[in-house]
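These protein sequence lines are chains A and B, in that order.
All residue numbers for the first sequence refer to the working numbering, where the first residue is 1 and numbers rise by one.
All residue numbers for the second sequence refer to the working numbering, where the first residue is 1 and numbers rise by one.
If you're looking for bench data, these hints aren't it; they were derived computationally from the structure.
All residues carry an ideal CB built from backbone N, CA and C; glycine is no exception.
Be aware that one or more of the hints could be misleading.
[Said to hold, decoys possible] Derived CB-CB ranges, DEER-like:
| # | chain 1 | residue 1 | chain 2 | residue 2 | range |
| --- | --- | --- | --- | --- | --- |
| 1 | B | R199 | A | T44 | 33 to 41 Å |
| 2 | A | P42 | B | M165 | 36 to 44 Å |
| 3 | A | G95 | B | R2 | 34 to 42 Å |
| 4 | A | F154 | B | G117 | 28 to 36 Å |
| 5 | A | R17 | B | E102 | 15 to 23 Å |
| 6 | B | E114 | A | R17 | 34 to 42 Å |
| 7 | A | N80 | B | A109 | 16 to 24 Å |
| 8 | A | G95 | B | G117 | 21 to 29 Å |
| 9 | A | A10 | B | R193 | 41 to 49 Å |
| 10 | B | A37 | A | A147 | 29 to 37 Å |
| 11 | B | G164 | A | T44 | 24 to 32 Å |
| 12 | B | E134 | A | T143 | 44 to 52 Å |
[Unchecked claim] A few chain A residues that don't get close to chain B, going by computed Cβ distances all over 12 Å:
| # | residue |
| --- | --- |
| 13 | G11 |
| 14 | L20 |
| 15 | D34 |
| 16 | G45 |
| 17 | V85 |
| 18 | V104 |
2 protein chains.
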Amino acid sequence: MRVVLATANAGKVVEMRRLLAAQAPYVEVLGLADVQAYEPGPETGATFAANALAKALEAVEATGLPAVADDSGLTVDALNGMPGVLSARWAGRHGDDRANLELVLGQLADVPDERRGAGFVCAAAYALPDGRSEVVHGEVRGTLLRAPRGTGGFGYDPIFLPEGMALTSAELSPHDKDRISHRGQALRLLVPRLVDVLRA
Amino acid sequence: MRVVLATANAGKVVEMRRLLAAQAPYVEVLGLADVQAYEPGPETGATFAANALAKALEAVEATGLPAVADDSGLTVDALNGMPGVLSARWAGRHGDDRANLELVLGQLADVPDERRGAGFVCAAAYALPDGRSEVVHGEVRGTLLRAPRGTGGFGYDPIFLPEGMALTSAELSPHDKDRISHRGQALRLLVPRLVDVLRA
Chain A
1 MRVVLATANA GKVVEMRRLL AAQAPYVEVL GLADVQAYEP GPETGATFAA NALAKALEAV
61 EATGLPAVAD DSGLTVDALN GMPGVLSARW AGRHGDDRAN LELVLGQLAD VPDERRGAGF
121 VCAAAYALPD GRSEVVHGEV RGTLLRAPRG TGGFGYDPIF LPEGMALTSA ELSPHDKDRI
181 SHRGQALRLL VPRLVDVLRA
Chain B
1 MRVVLATANA GKVVEMRRLL AAQAPYVEVL GLADVQAYEP GPETGATFAA NALAKALEAV
61 EATGLPAVAD DSGLTVDALN GMPGVLSARW AGRHGDDRAN LELVLGQLAD VPDERRGAGF
121 VCAAAYALPD GRSEVVHGEV RGTLLRAPRG TGGFGYDPIF LPEGMALTSA ELSPHDKDRI
181 SHRGQALRLL VPRLVDVLRA
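Just chain A, with the same shape it has in the complex:
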């Protein structure tokens, strides 16, 4: 059973391969590099769910294989839920993790501790060549620090302290991060559903 992982984000590929392998070791996970290459379109959706589904559908169309995609990001209370769907291009160009993180810290420099709540949200979708698709969500709440801590993970992980934890998402072990993370939650919901429909 072969499934395409429709993401070009190296950090996500590592996490999603790990999460899929834990859930369904008999599924062969192909990265975009393993399949006939295509140029993913821009992400123009207003919601995580719309973007995740669009990415999965695009991969199915390009490869003819079942596809899994996610769209996820940081939702900052003091930014009215942004960067949200713009998390990857918050600093104005796509994929500069460090610039995005530094920008959020700068924007929140005068925001007091009691208003530094945030969440990581993930929408995960599968799509099949026969047209079926599904989207699920995962979320982890936490607070934003004033300086980065830790070298693991990617994106905004170094400034995100998950609720009830003493370590940032970038300080947690991959196993501990997957256990609580938004993407871990979403993929643990999605993968059994995908396996069910693929087997049916």
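For chain A, the structure is supplied; the task is to place chain B on it using the hints.
Okay, now just chain B, sitting in the frame of chain A:
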């Protein structure tokens, strides 16, 4: 009758002096440079109203004179209403108009035309030495262009096309801008109230 204008923003001083002069020419408007200097604190409020009132109260405390202040900003639909109260420090440091504007353009690069709605919102407040105060609001709706146009105004004016207008806020004459602008609306509400309480 002397009133302190509690803003260090040069663009705002020009606009607010002009708007106050049009409304109440017998009021002597003092800038922060004209009064005993004080260091305005950081703006930490979650709303325009809270910040405007805090600035006015701070000026009254420092000078013993009636004070007028505003807090205003750009609310972008596709950014869930942000930059909002963070408009002046959107790019991470305070007061870099060009960087702030370029950042919004970059963040919205993939946002289609039909989701580029925005508003300029102004909360204007007065505060008196006897403790009385009031806050009013003005708003102008419009859409965001993909490149700046015009050299007038300040802040995000060059990318803001007010509803029903063919010119950006930076292309309008000062007179035309004042007539429709968020700050013009708010000060036309506020100044008669302030004059009434000062005369009572």
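Structure-based check of each hint:
1. B:R199 to A:T44: 33 to 41 Å: With Cβ atoms ~55 Å apart, the hint is violated.
2. A:P42 to B:M165: 36 to 44 Å: violated, 29 Å
3. A:G95 to B:R2: 34 to 42 Å: violated, 54 Å
4. A:F154 to B:G117: 28 to 36 Å: holds, 32 Å
5. A:R17 to B:E102: 15 to 23 Å: violated, 36 Å
6. B:E114 to A:R17: 34 to 42 Å: holds, 37 Å
7. A:N80 to B:A109: 16 to 24 Å: holds, 20 Å
8. A:G95 to B:G117: 21 to 29 Å: holds, 27 Å
9. A:A10 to B:R193: 41 to 49 Å: For R193 (chain B) against A10 (chain A), whose Cβ atoms are near 58 Å apart, the range 41 to 49 Å is violated.
10. B:A37 to A:A147: 29 to 37 Å: Because 32 Å falls inside the window, the suggested range holds.
11. B:G164 to A:T44: 24 to 32 Å: For T44 (chain A) against G164 (chain B), whose Cβ atoms are near 27 Å apart, the range 24 to 32 Å holds.
12. B:E134 to A:T143: 44 to 52 Å: Roughly 35 Å apart at Cβ, these two residues miss the hinted range, so it is violated.
13. G11: holds, 20 Å
14. L20: holds, 28 Å
15. D34: holds, 27 Å
16. G45: violated, 10 Å
17. V85: The claim is violated: V85 (chain A) sits with its nearest Cβ about 9 Å from chain B, within 12 Å.
18. V104: violated, 9 Å
The earlier numbered hints that this structure contradicts are 1, 2, 3, 5, 9, 12, 16, 17, 18.
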